[in-house]
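Make the full structure from the sequences, and use the hints.
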Amino acid sequence: MKRWQPVSVLSDIRRGEVAGVRIGGREVVLWREDAPTPTLHAWEDRCPHRGMRLSFGFVRDDALGCLYHGWQFGGGARCRLIPAHPQVRVPASIHVHAYGVREHAGLAWVSMDGAEDFPAGGTGPDNVLPVRTLHVKASVGPLRHAAGIAPDAGIAWHGPVGLAVHEPVAGQAMLHVVRVADADGPSYPALSRWAEQLRDAVESGAGIAPVMNGLIAGEMA
Amino acid sequence: MTARLVLYDWTPDVRCYAVRLGLSLMGMTYEIRAVDTDLPVGQRPAGLRAGERPPVLVAGSVRLSRPGVIMQFIARQPEVARAWLDPAHEWAILDWLDFGTTALDTMAAARDAAFGTTLPVLPPMGALVAALRRMEDHMSARAMEGHDWFAAPAASIADVVLFVVFALTVDLGVERDTCPALRRWARRMRGLPGFVVMPGVPDYA
Numbered sequence: 001m002k003r004w005q006p007v008s009v010l011s012d013i014r015r016g017e018v019a020g021v022r023i024g025g026r027e028v029v030l031w032r033e034d035a036p037t038p039t040l041h042a043w044e045d046r047c048p049h050r051g052m053r054l055s056f057g058f059v060r061d062d063a064l065g066c067l068y069h070g071w072q073f074g075g076g077a078r079c080r081l082i083p084a085h086p087q088v089r090v091p092a093s094i095h096v097h098a099y100g101v102r103e104h105a106g107l108a109w110v111s112m113d114g115a116e117d118f119p120a121g122g123t124g125p126d127n128v129l130p131v132r133t134l135h136v137k138a139s140v141g142p143l144r145h146a147a148g149i150a151p152d153a154g155i156a157w158h159g160p161v162g163l164a165v166h167e168p169v170a171g172q173a174m175l176h177v178v179r180v181a182d183a184d185g186p187s188y189p190a191l192s193r194w195a196e197q198l199r200d201a202v203e204s205g206a207g208i209a210p211v212m213n214g215l216i217a218g219e220m221a
Numbered sequence: 001m002t003a004r005l006v007l008y009d010w011t012p013d014v015r016c017y018a019v020r021l022g023l024s025l026m027g028m029t030y031e032i033r034a035v036d037t038d039l040p041v042g043q044r045p046a047g048l049r050a051g052e053r054p055p056v057l058v059a060g061s062v063r064l065s066r067p068g069v070i071m072q073f074i075a076r077q078p079e080v081a082r083a084w085l086d087p088a089h090e091w092a093i094l095d096w097l098d099f100g101t102t103a104l105d106t107m108a109a110a111r112d113a114a115f116g117t118t119l120p121v122l123p124p125m126g127a128l129v130a131a132l133r134r135m136e137d138h139m140s141a142r143a144m145e146g147h148d149w150f151a152a153p154a155a156s157i158a159d160v161v162l163f164v165v166f167a168l169t170v171d172l173g174v175e176r177d178t179c180p181a182l183r184r185w186a187r188r189m190r191g192l193p194g195f196v197v198m199p200g201v202p203d204y205a
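These protein sequence lines map, in sequence, to chains A and E.
For the first sequence, this note's numbering assigns the number 1 to the initial residue and increments by one for each residue that follows.
For the second sequence, this note's numbering assigns the number 1 to the initial residue and increments by one for each residue that follows.
Treat the hints as calculated values from the structure; they're not laboratory data.
Where hints are given, some of them may not hold.
Claimed, not checked - The calculated label-pair distances, taken between Cβ atoms and stated as ranges, are: (1) 170/E <-> 86/A: 30 to 36 Å; (2) 170/A <-> 41/E: 43 to 49 Å; (3) 121/E <-> 16/A: 48 to 54 Å; (4) 34/E <-> 39/A: 43 to 49 Å.
Stated by the list, open to error - Quick list of in silico lysine to aspartate or glutamate cross-link-like pairs, DMTMM-like style, CA-CA up to 20 Å: (5) 2/A <-> 103/A; (6) 2/A <-> 167/A; (7) 137/A <-> 27/A; (8) 137/A <-> 175/E; (9) 137/A <-> 167/A; (10) 137/A <-> 137/E.
Note that beta-carbon positions come from the ideal geometry of N, C-alpha and C, so glycine has one too.
What follows is the structure, encoded as structure tokens:
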């Protein structure tokens, strides 16, 4: 099934930053150019030279450099510089595997299987800002159910608050929380604490309903 | 500085790294006496006393072995910037420093168990994972309040010790993507003047 997966809040991948994320057990490097219009990229987290994780690397302007030997990869995921052989014109066959990536609703969405239509299931509200991504030691199924995410939806809206989930590796989940910027409702710190309560409830198998009711009723500290 | 500093040091030890990192970030010069703790006692430096293990910091008549106390000792030297133990945030700094040194001890024991054997075995990680989660929740909240560091407006000795905990748990199988707020904070640590690495802590990432 071709699909888009929410993998990070955008506030965790700002200009010039690089971050490793796991999607269904596969390692992906997210990085954003250090340029006036900084494009976001999602590639396989593996340098084609020696297999080093590119997420240990560094952003130089509009390229990602590998920590190991400094090979630089730019637009199109092609290698553009091998520092040990600076005069060499690098063959086009030396490249990283690139995945589809979109920025929407305060989140980075990645498709590892060439999905085209985006976003699936409507655009949702405008002017959405990221709150936080949390790690949850529980399977995605119970967390999606708790967050009220429909089977074919990427995100569930509860008033001004959006909840999304992805699976870094089997048996674990990442919970992404976003919020409509100018709507009434809980503050960002209150939402962050609420998300910790949801995480703790899902992990401990305690009742989810009181936590979710707190969000829907807007009753949080 | 009244007395020259001598550090009895073992490069791959996490507590020694915390001390080296603190000394470097706070701009102190010191002499290193390398101590290979795998060697028999008779082959260790003469200045190290029986039963002592690195890190040991000697400054004149002062002889310190606990990383948290060494951090405070350095931060209270007259030539060191006050921000490292900011008087206005001293209790918060000392509280996180103590939290960090406890986690550092836990991690040192876990690394000994994981690496100090012919067949490495991953030790129980519950206490360290719980510590990292508390750190992650804290730094998420700090970021929303517009703060960059654990306990004060600038980097403090608490950040130094907590950085070592975060940076080296990756060797014990903790994946970085579970701690996004700590990853962004660690990136700031790497950018501080005087930042130094150890095996397992790359320059970037």
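Starting from residue 137/A, check that the Cα of residue 27/A is at most 20 Å away, please.
This hinted pair holds, its Cα atoms lying about 18 Å apart.
Satisfaction of hint between residue 167/A and residue 137/A, Cα-Cα up to 20 Å
10 Å, holds
Pair hint outcome, residue 137/A versus residue 137/E [Cα-Cα no greater than 20 Å]
It holds: about 15 Å lies between the C-alpha atoms, which stays within 20 Å.
Is 43 to 49 Å respected by the C-beta to C-beta distance linking residue 34/E and residue 39/A?
47 Å, holds
Measure nothing beyond the straight line between the CA atoms of residue 2/A and residue 103/A; if it is 20 Å or shorter, mark the hint as holding.
18 Å, holds
Going straight from one Cα to the other, do residue 2/A and residue 167/A come out at no more than 20 Å?
Between residue 2/A and residue 167/A the Cα gap is close to 16 Å, so the pair holds against 20 Å.
Residue 137/A paired with residue 175/E [C-alpha distance capped at 20 Å]:
With a Cα-Cα distance of about 13 Å, the restraint between residue 137/A and residue 175/E holds, given a limit of 20 Å.
Note whether the CB distance of residue 121/E and residue 16/A lies within 48 to 54 Å or breaks it.
39 Å, violated
I want to verify a distance hint. Is the separation of the beta carbons of residue 170/E and residue 86/A within 30 to 36 Å?
Holds, since residue 170/E and residue 86/A (Cβ atoms, about 32 Å apart) stay within the stated range.
Does the Cβ distance between residue 170/A and residue 41/E fall inside 43 to 49 Å?
48 Å, holds
In this structure, the one hint that does not hold is number 3.
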